[in-house]
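Engineer: Okay, here's what each chain looks like letter by letter:
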Amino acid sequence: MTSEIIIQTLASGLLIGLIYALIAIGLTLIFGVMDIVNFSHGEFLMLGMYCSFWLYAIYHLDPLYTLPLTAILLFGVGAIVYRVVIKKIIDAPMLSQIFTTFGLMILFRGLAQFLWKPDFRTVGNSVVSGTVSLSGIQIGLPQLTAGVGAILVTLGIYLFLTKTRTGAALEATAADKEAARLMGIDSQRMFTLAWGVGAACAGVAGGLLSTFFPIFPEIGANFILTAFVVVNLGGFGSVVGALIAGILVGVIEVMGGFFLGPQYKMGIVLCLFLAVLMFRPQGLMGKV
Amino acid sequence: MNQLNQQPVFSTAYGSAGYKWPTRLALLFLLGVVIFFPFFEKSPSHQNFVILVLMAAQLGVAWNIIGGYAGQISLGQVAFYGLGAYTSTLLFTKLGINPWVSIPLGGLLAASISLAVGWSCFRLKGHYFAMATIAVAEIIQIVFTNWEFAGAAVGLNLPMEGGWKFLIFAEKEPYYYLALGLLLLTLAVNYAIEKSYLGYYLRAIKDEPDAAQSLGVNLSLYKQIAFAISSFFTALGGSLYAHKELYIDPASVLHTGLSIKMALVSILGGVGTLSGPVIGAAVLTLIEEGTRMLFGGSGKGTDLVIYAALIVVVAVYYPSGVVGWVRRFLSRRTAIRQTRLEGRGI
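Protein chains in written order, with this note's numbering: chain A, 6 to 293; chain B, 1140 to 1485.
Hints may be right or wrong, so weigh each one.
Said to hold, decoys possible - Calculated lysine to aspartate or glutamate pairs in the DMTMM-like style (CA-CA distance at most 25 Å, straight line):
1. B:1264 <-> A:40
2. A:93 <-> A:183
3. A:93 <-> A:176
4. A:92 <-> A:124
5. B:1345 <-> A:40
6. B:1264 <-> B:1347
7. A:182 <-> A:96
8. B:1439 <-> A:176
9. B:1264 <-> A:67
10. B:1159 <-> B:1180
11. B:1264 <-> B:1349
12. A:270 <-> B:1428
13. A:168 <-> A:40
14. B:1181 <-> B:1384
15. A:122 <-> A:67
16. A:168 <-> A:183
17. A:92 <-> A:181
18. B:1264 <-> A:181
19. A:93 <-> A:181
20. A:122 <-> A:223
21. B:1264 <-> A:183
22. B:1264 <-> A:191
23. A:93 <-> A:40
24. A:93 <-> B:1346
25. B:1439 <-> A:124
26. A:122 <-> B:1428
27. A:182 <-> A:67
28. B:1345 <-> A:96
29. B:1439 <-> B:1427
30. A:122 <-> B:1384
What the hints assert, rightly or not - Here chain A is said to cover these stretches of chain B; the calculated rule only asks that three of the stretch's residues, wherever they fall, bring their Cβ under 8 Å from a Cβ of chain A:
31. 1281-1294
32. 1419-1426
Just so you know, the hints here were simulated from the structure itself, not pulled from any lab data.
Just so we're clear, the structure is a prediction, and the values are computed from it rather than from any experiment.
Backbone N, C-alpha and C define an ideal beta-carbon position, used for all residues, glycine too.
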């Protein structure tokens, strides 16, 4: 019986870990390409969730079907944020950069509160609901769908970065801005692209979460620290690292919550974060 | 090294260091106004507003020591604020130790914990350090939220009366003078740091860490000292808050937003300057309270939007804060006058 519970816990850790990975990939992409830590990344997730929610509430479209729309919308939000604000602080001191993205975080939260009230909202009956039984383990269908969706999107991003010309240009900008510029790569376009794709990743993660997670303006706070842990553990700028670290963090969090009590879940993740910073600041897959 | 030592005491090279006579008189006048303020302003809400400014300014000045002078962007100062508030309150309410003793003890505890945090985190650079300090503060918040002895999520109450012996008052004036006294003390320490070798070392660490190290400056030692002093005074600020509100809980003294506010006060006024945090505190508190009054409570989010938009605008366009902006304006004016004089052949 106990081993069954543990396997079940492991499975749910794995599934939430895949979502963490997807959120973290957006964060790591932005950081990798332009060395800016986006503290407002959790708010892109929040916007993605609200996007799914409103499409569901007004047009009765299932969050699963509206994912592409969410992705496109959030791509736009990310690109606009870059063009309007971030563009001006690329070469600013780090203090300005940190406070700009911090300010954006509070701004988005405030706007969401102002527009949609601080209430908790949920997507009622999505096409994916109920549980499936996989060889004796009960897994929620929404969680399973979200996990699988996260894997597919992650795979898509990976292929985009490694197989397409634009992806290669993005990687080149990340490696050396100046050299890339000399090769004829427009770094402004690449930065915009990084913010767009980064925001879209978080938005899609939000869309996937919206079928089984409450939606409220401060939801980003629940995910941003975990996303930092994942990015740090995987190595800043590494997509593969983020995937591995995401799963790892998801499993550790869920198992820790199971053995020590759910109120210490976040504490365990943060202790892991500090330990990684102390002993391997470059992360699992990061370069020194 | 030698050049660092030969800086004259009253130089204008580092901003607020050199005061001319008119500035000194103005400061003296300001001090007089501040000291006698409760005598001509009796409205408790106005007094409370100024107390809020003084308390925010004190925290900003304390943040400025580590964040402004040493350039180590700590976003976890609320951990020390909360530790100060909790230590003094627990010692007072559970063990009956007098606040005059327990408050400094809370400061010392925060300072010693800052040494442990600094020892492990100062090797980290830039955002890594900032994120590590956030993580530390969050962990401390989780500990206090689940610690039954410290009141867990419900929090702790202080007794309602006590007078000067227990630093608990029914009216606002004593808190005003406590806040003012603490601010002046923190400012004095900040001024002493600015004037001493420590101040030069800290600025060197901020601007040219590699050069400073190659000149033999022990970077981690001075960062540790600055962090400990900053944390000590942040903790005193937390204890003052506990005594003013007579109630603390994790949501009020360990909230991440407070860390941001401490840094923001300093940034808004001018990072690494003596007067910056005080000016920043006045501006920020005015905006905070003003938007709250005009647009209602924080539930609606309007005050948050304005507050956040301000952060972004300041961070993007005025990274050197009000003090930097005024200074640039003044120096431009001087430059224009100079060119005019030169134009006339003088």
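Engineer: Is residue 1439 (chain B) within 25 Å of residue 124 (chain A), Cα to Cα?
Structural biologist: This hinted pair holds, its Cα atoms lying about 11 Å apart.
Engineer: Check whether the Cα positions of residue 93 (chain A) and residue 183 (chain A) lie no farther apart than 25 Å.
Structural biologist: 18 Å, holds
Engineer: Regarding the pair residue 1345 (chain B) and residue 96 (chain A), is the alpha-carbon distance no greater than 25 Å?
Structural biologist: 17 Å, holds
Engineer: For residue 1264 (chain B) and residue 181 (chain A), compute the direct alpha-carbon distance and say whether it is at most 25 Å.
Structural biologist: 20 Å, holds
Engineer: Between residue 1439 (chain B) and residue 176 (chain A), does the CA-CA distance stay at or below 25 Å?
Structural biologist: 42 Å, violated
Engineer: Given the hinted pair residue 122 (chain A) and residue 1384 (chain B), is their alpha-carbon gap at most 25 Å?
Structural biologist: 29 Å, violated
Engineer: Please work out if residue 1264 (chain B) and residue 183 (chain A) have their alpha carbons no farther apart than 25 Å.
Structural biologist: 23 Å, holds
Engineer: Check whether the Cα positions of residue 1181 (chain B) and residue 1384 (chain B) lie no farther apart than 25 Å.
Structural biologist: 20 Å, holds
Engineer: For the pair supplied as a hint, residue 168 (chain A) and residue 183 (chain A), confirm whether the alpha-carbon distance does not exceed 25 Å.
Structural biologist: 23 Å, holds
Engineer: For residue 1264 (chain B) and residue 191 (chain A), compute the direct alpha-carbon distance and say whether it is at most 25 Å.
Structural biologist: Distance of about 29 Å is beyond 25 Å: violated.
Engineer: Regarding the pair residue 93 (chain A) and residue 40 (chain A), is the alpha-carbon distance no greater than 25 Å?
Structural biologist: 14 Å, holds
Engineer: Can you confirm whether the C-alpha distance between residue 168 (chain A) and residue 40 (chain A) stays at or below 25 Å?
Structural biologist: Holds. Residue 168 (chain A) to residue 40 (chain A) sits at ~23 Å (cutoff 25 Å).
When each numbered hint is compared with the structure, violations occur for hints 4, 8, 9, 10, 12, 22, 27, 30, 32.
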